[in-house]
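Chain A is already provided as a structure; the job is to place chain B on it using the hints.
Going down the list, the protein sequences come from chains A and B. Residue 403 in the working numbering sits at position 403 of the first sequence, and the numbers go up by one each step. Residue 1010 in the working numbering sits at position 10 of the second sequence, and the numbers go up by one each step.
Careful, some of the hints might be misleading.
Said to hold, decoys possible - List of simulated lysine-lysine pairs, BS3-like, C-alpha gap at most 25 Å:
id, chain 1, residue 1, chain 2, residue 2
1, B, Lys1183, B, Lys1162
2, B, Lys1162, B, Lys1139
3, B, Lys1162, B, Lys1210
4, B, Lys1023, A, Lys399
5, B, Lys1183, A, Lys399
6, B, Lys1183, B, Lys1210
Unchecked claim - Anything over 12 Å on all C-beta distances counts as not near chain A; from chain B, calculated:
id, residue
7, Asp1030
8, Gly1067
9, Gly1092
10, Asp1103
The hints are simulated quantities; they were obtained by calculation from the structure and are not laboratory data. The beta-carbon is built from N, C-alpha and C at its ideal position, and this holds for glycine as well.
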Amino acid sequence: MIIGALLGEGWAAMRANRLRTSLTMLGMVFGVGAVIMMLAIGQGAQLMVNESIASMGSNLFIVLSGSTTAGGLRQGSGTVPTLTLDDAQAISELPEIAAVAPTFSNTAQLIYAASNWSTLVSGTTPAFLDVREWTVSSGEAFSDSDVRSATRVLLMGQTVVRNLFGDENPVGKMVRVKNSPFLVLGVLAPKGQSLDGRDQDDTVFIPITTAQRQLFGTEFPGMVRFIMVKAKSAEVMDRAEQGINELLRARHRINERQEDDFTVRNLTAVTQAAAGTTKAMATMLGAIASVSLLVGGIGIMNIMLVSVTERTREIGIRMAIGARQRDILLQFLFEAVMISLAGSLIGVMLGIASAYFFSHFNDALVVVTLSSVVLAFGVAVAVGVFFGFYPARKAANLKPIEALRFQ
Amino acid sequence: MEGPLISVSGLSKYYLENMPVLKDINFSIDSGEFVAIMGHSGSGKSTLMNILGCLDTPTGGHYYLEGRDTAALNADELALLRNRLIGFVFQGFNLLPRSSILDNIGLPLLYAGKSKAERREKALLMLDRIGLAGFGERKPNQLSGGQQQRVAIARALVTDPKLILADEPTGNLDTQTGEDIMKIFHVLNEDHNITIILVTHEADIAAHAKRLIRVVDGRIASDQPS
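Excised from the complex, chain A in its bound form:
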């Protein structure tokens, strides 16, 4: 039979029972709509997590100093000042390491003109830009010579810029940090929220030596709070971790029976777990939504079975005048697929609309990808064929005389 005629027959049958067709289509509308919306939300969440991961930097370790034990009370990590700039230097010479950023940070009050703002002031080395995969959006970063001479310069995060300067360009201006004047050398590009919701742009960076010697003071010279370490690739992460452990144990003269006085944490593993969770959530959302697609398909099958029974006599007439089994099969299959296609078309639009509606009111990121639309569409056609096949075959297998005699 010719495609045009099949479409015509299908359309005529759909129009003949408008209410019934609409209700059947509604099953597909909600099924496809739900799949599209859930995929959009899931993919949006994944994108958000991936952005957070990218903003933190990849292949990252953080080396924390150990804990103190004072009178039976054990303090947390970082309470014993065991890490030094020399440790950082030694780590950076390991073959698996790409960059190292020793950090000495504390909160401090910043003052510019009539504005003031308390923020995290991190003393570090210029390598932190590489480690955190961060860029300077205006002005320039401080250099190794600034670190050597402990100059009073700083790099400012976007949130601090907004709170201290508003619309003014801070580059070249002087701000006071704990009443010491500092020159704003540059402004960092925005990074957004970290995985745990911290605002990564609410911070300033100064040379580590400035922080140690002039701003905060240290228990002993060269002490750092933690060292951020970036490995050369994801493949060498394990070897890098082992290397850092061995190196620091040797440098700190820890014998075999003693515990480490430092902790090496693999940040990438944490983020990968977060990414895995989000992906599982997205998959689960999609799976739940697919169930409604299945229900929609069953609705189509149900209505097609009714339609075949109702039109048994019509099938008999068609067979009497020469319709082959294939012609009847295709006619009913086309009808089922047309219902599911029309339903999915509306469903796609509804799904996209509700996804954006959802993002508008929930402040969540949604991503409608072409592939999810194609997927939902493809599945809908498959559902139409799958659930339309049984009724269509039932129609095609009718005996002409029995169909014709049916009242």
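Quick look at chain B alone, frame taken from chain A:
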């Protein structure tokens, strides 16, 4: 062509064991004949006609159509035979209620694989021949019974069949309209040399045929020219 158009030998049909609807039927019909199969309701005449129309299959015996044993054909081959060789006219017209008159007439051509333009052209021609030009876009229920039966005849003729099978074609019509329909059959038989088999229980309708086969209790009681 050689041999009879229809040849039936030892044909029987059982729906239940020991309850023959048709038993040991033998006859042949040549091309161009006008035959009436007559019998009371329940005599088996309709079953015979359904077998002749390849809508039903016999339980025993053989039915040769154009020399081919129909028992050897599968469902699609039988559909092809019905499409190319046979035109049906039913008591209840059996038009598709949702389709227009033109689409109803052209439907057999759809299953013959003809294009939309061809179907329309041929259907318009047939519509003109049955005197219903201008009614093409109407639906069957907008026509009278006689008009609907003429449409059914047009549909039966649209593939230029050799054989028309009419099952009580006048049963739902008044006498005058019935006579009009019978006149069309005469024209088809005499002017177009189409073989016509008419199933009826009315003697005056059967009298239009040139040969009369009487069926009583599933057997042929008589077979003679009328």
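Hint-by-hint comparison with the structure:
1. Lys1183/B - Lys1162/B: 18 Å, holds
2. Lys1162/B - Lys1139/B: Answer violated: Lys1162/B to Lys1139/B is near 28 Å, above 25 Å.
3. Lys1162/B - Lys1210/B: 17 Å, holds
4. Lys1023/B - Lys399/A: 22 Å, holds
5. Lys1183/B - Lys399/A: 33 Å, violated
6. Lys1183/B - Lys1210/B: At roughly 14 Å apart (the allowed maximum being 25 Å), Lys1210/B and Lys1183/B satisfy the hint.
7. Asp1030: Per Cβ check, Asp1030/B is outside 12 Å of chain A; nearest 24 Å; holds.
8. Gly1067: Check passes; 20 Å lies beyond 12 Å.
9. Gly1092: 9 Å, violated
10. Asp1103: At roughly 9 Å from the nearest Cβ of chain A, Asp1103/B sits no farther out than 12 Å, so the non-interface label is violated.
Hints 2, 5, 9 and 10 from the list above are not met by this structure, while the remaining hints are.
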